[in-house]
Amino acid sequence: MTDQSITSLARIAPQKAPPARGPFGLEKKVFDQIVLAIVLVGLAAWIIPNINWRFVDRYWLRYLEGILVTFQLVFLSVGIGALLSLPIALARLSKRKWLTLPARAYITFFRGTPLLAQLFLLYYGAGQFNAAFEAAGLWWFFREPFYVAVLTFTFNTAAYQAEIMRGAIQSLPAGQAEAASALGISRWPTFFKVVLPQAYIVALRPLGNELILMIKGSAIASIVTVLDLMGITSLAYARSFNFQAFFWAALLYLIAVEAVRRIWDRLERHLTRHLALSH
Amino acid sequence: MTQFNRFAVAAVAVAGMLGGIASASAQDVVRIGTEGAYPPFNFTDSNGELKGFDIDIAQALCDEMDVTCEFVAQDWDGIIPALLANRYDAIIASMSITEERMEIVDFTDKYYQTPARFIMRDGSDISDTSPDALAGMTIGAQSATIHANFLEDIYADSDIRLYPTQDEANLDLAAGRIDLILADSIVLYEWLETDDGSCCTFVGDAYSDPDYFGFGAGIALRQEDDELRERFNAALAAIIENGTWQDINDDYFPFSIY
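Residue numbers (my numbering), protein chains in the order written: chain Z, 1 to 279; chain L, 1 to 258.
Careful: at least some of the hints might be erroneous.
[Unchecked claim] Chain L regions said to be covered by chain Z (calculated; three or more residues, Cβ under 8 Å):
hint : stretch
1    : 75–86
2    : 140–154
3    : 159–167
4    : 175–181
[Unchecked claim] Far from chain L, by Cβ distances over 10 Å, these chain Z residues were calculated:
hint : residue
5    : P18
6    : K28
7    : D32
8    : V56
9    : L90
10   : A177
11   : L196
Just so you know, the hints here were simulated from the structure itself, not pulled from any lab data.
All residues carry an ideal CB built from backbone N, CA and C; glycine is no exception.
Just chain L, same shape as in the assembly (with noise of 0.2 Å):
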């Protein structure tokens, strides 16, 4: 009796790690990192919800490519790791296609490009940005970003400081910890309209150098997927075509963001 529950037990087992198998490679189920803290395009509402541009953009590319999105937050930090770690299998969270990046990971045609844009507290005798004009200033940025990379290489003579999210750079401009910050300009945009982004303004140009800020935003995926890579990008010239991304565009913003 024991020796065949055994069995049965094993049976199981085995037929449950063959289904997941099965269902893995019939791709019927693809997993979105998104990061979950970077409105208006990636956000937890307050229900704990994900919401946003991409996740709008996401769950419109795997209705086209007649798949179930699964969506899974992860830090911003560790997002490309756990790509590589097989956590989920696309990186769908405003992430700029970027030489550096291609090293370790491939990334779909672009999705939306925005330029990069620094902000300041209302009344700082700021107006020129340039990194002779910031020497010695402090400014914010969120780590691992291209405009974290930006600063780091351009304003050396400035203090840069750098922060796990985007929020907690705000919350020190606000408080006046750090003199400016360098974001992306709708991602600043979107704060400036809140009571808490009341306090500040933008300064300056805005920035676009493909050396640093990239071709725009992509859907990032481990360098060995090029099926997938492939089918959201037909799925992604799809919903171009057919109007959808100009839809969630228009949910968003008054403006194209391509």
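So that you can see chain Z by itself, here it is in the shape it has in the complex (with noise of 0.2 Å):
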């Protein structure tokens, strides 16, 4: 073949592929949407007439109070954690050994054992020692069992994201540094301005995972009772026996995560868009 046929092959525009074809000749799209339309006008059907409306009145006031309490648990040790995870994952990285080793032990440990032992642990462990956090002038954080819950899951997803973003710097090519040290760029210009973006881009998706499963995970929190939703999900079923207390969590936790699922979606088609090849 000659180069002319290829340019010549190249000059018909790409064609959209056709729509994909489901069952009884519809668009598969539109099947689905079908398919899911009654599946839950089923469920609806199924799930509202039985729904207990006492319950429902009663409850539904402390069931957003505590998916509020819930989001302000995950936002904050999410937060705070992907502060902290920064300077971790670059100890990890570091050749200085006195710096690898602590990074190391740290992730390990919060990475290696239940959430909820590292809650026990920090929350009724603080408890033994209040008289030493007060003489440190620290108790009034200790006190209270929401701060002790942000604090450990602060860890905790320090330890997750510390890994995230370790995995999303090593896995950017090398020559991206070097090219900007041919640049004549210094070191950490070239780690914020360069590397770091690029990592960040990686990292968008299993950090999107790690703050769901965060969602669910901080469920912990109403062991230590702190009333978020699950701990005002055991009070109304401590109460009324009503086996419905948990149907209501799950849908309010399952509306939650789809909605953080389909709103970090959003941000992460907005910030790759440069990337994208067709949307």
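From these two lone chains plus the hints, build me the complex, please.
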């Protein structure tokens, strides 16, 4: 084949793929939407007549308060955890032993033990040494279950996020940094302006997963008397013995996770729009 | 040969199931659900065995009814749901007989009755335990208890913290995270006698309003198990009559808690 024929082939504009076909000769997208609608209507028809409205009337406001507390827990800890994760990831990547070893130990501990155990350790552990904390002027912080829960979740998520960031930074081709160095850009500007923005794009998806995992993981805070969504649920269940308490909790967690996932998807699409081939 | 083997396996399985059904209907084993974290009434000792006043009473009742007791430990939060789910046949775990609970389970007559009380740390500046006096204070209780319900309804201006077990509430009172605890007076008394409990002391009056605190501790059963309830009631009357109840009481307490 000659160069001529290749260019002439390339001149034919790429054609849009035909819409995927589903059953009954319907377009697949339309078919999927019909199935989804049938499932949702069926579920609603099954659930709505069985709703105990007295339960709903008594607890709906408290459930909303609960989900607000859940969001506070998650966004505070994931946000502060994100700030902490970067230095930890850098320490972990460092060539200096005195930096890598503590970072490694930290990550191993917080990823290798259950979140529940970490919360108990911090909450009741701090309670045992309250005199020392009082002397240090820190007791006001460790006294409140909400603060201790945020602290524990922050430590935990910082470890996971540090590993995500480490992987993302390592996934970038060495040529990126080398090219920057060839242009005479020094180390830190290279890191912040060349490496880090690209690393964040690689890390976006796993960071979104971590956020969603924390929404569900935060239910553990109810064990130390924080009235998050799960705390309200056990309260309502203990009082009413109505199994519906868990149904509403599951529904609200589902809505919360779905909403966050969609927002995150949007964010991701927006931030990676320069990489997108077609949208 | 394979055909025969399959038949044999099926026959054994069916025989096993029938056997299971037969022994369940004869009721020579009664499965008792208890918490195992509520000293001195029911707790797990260092050998992992269930001990306490509730366990001894249950054992005496089973002896009286001539059945074998099989104990099942279950977290307090799920203790009624697990009964309804047929994980055991009766709850003997210091459960107070209340109107709320009677909507979903049945109770035998009471086998003991003790009032509720508040405790605080030594030297706390609290003398009055009325809802007004405790407004803004932090009060702990075990969740899903009569004490929790009472606090939620009456002490709406206080910060109520609910714990999965009584032990955890005690830890937080000792640590100074909460100002008071409301719980059963005997349970609190036992804890105050320990080293950990030396921090704290009783405050205010005893509470026993039947609207909240019920009519004493009874044995909870599924509502359809009338026959078992009658047998428990008869056995309970018998052990009170013949002095067994009093003997068990005296093993634990220097005064009668009936």
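- Checking against the hints above, which ones are violated? none
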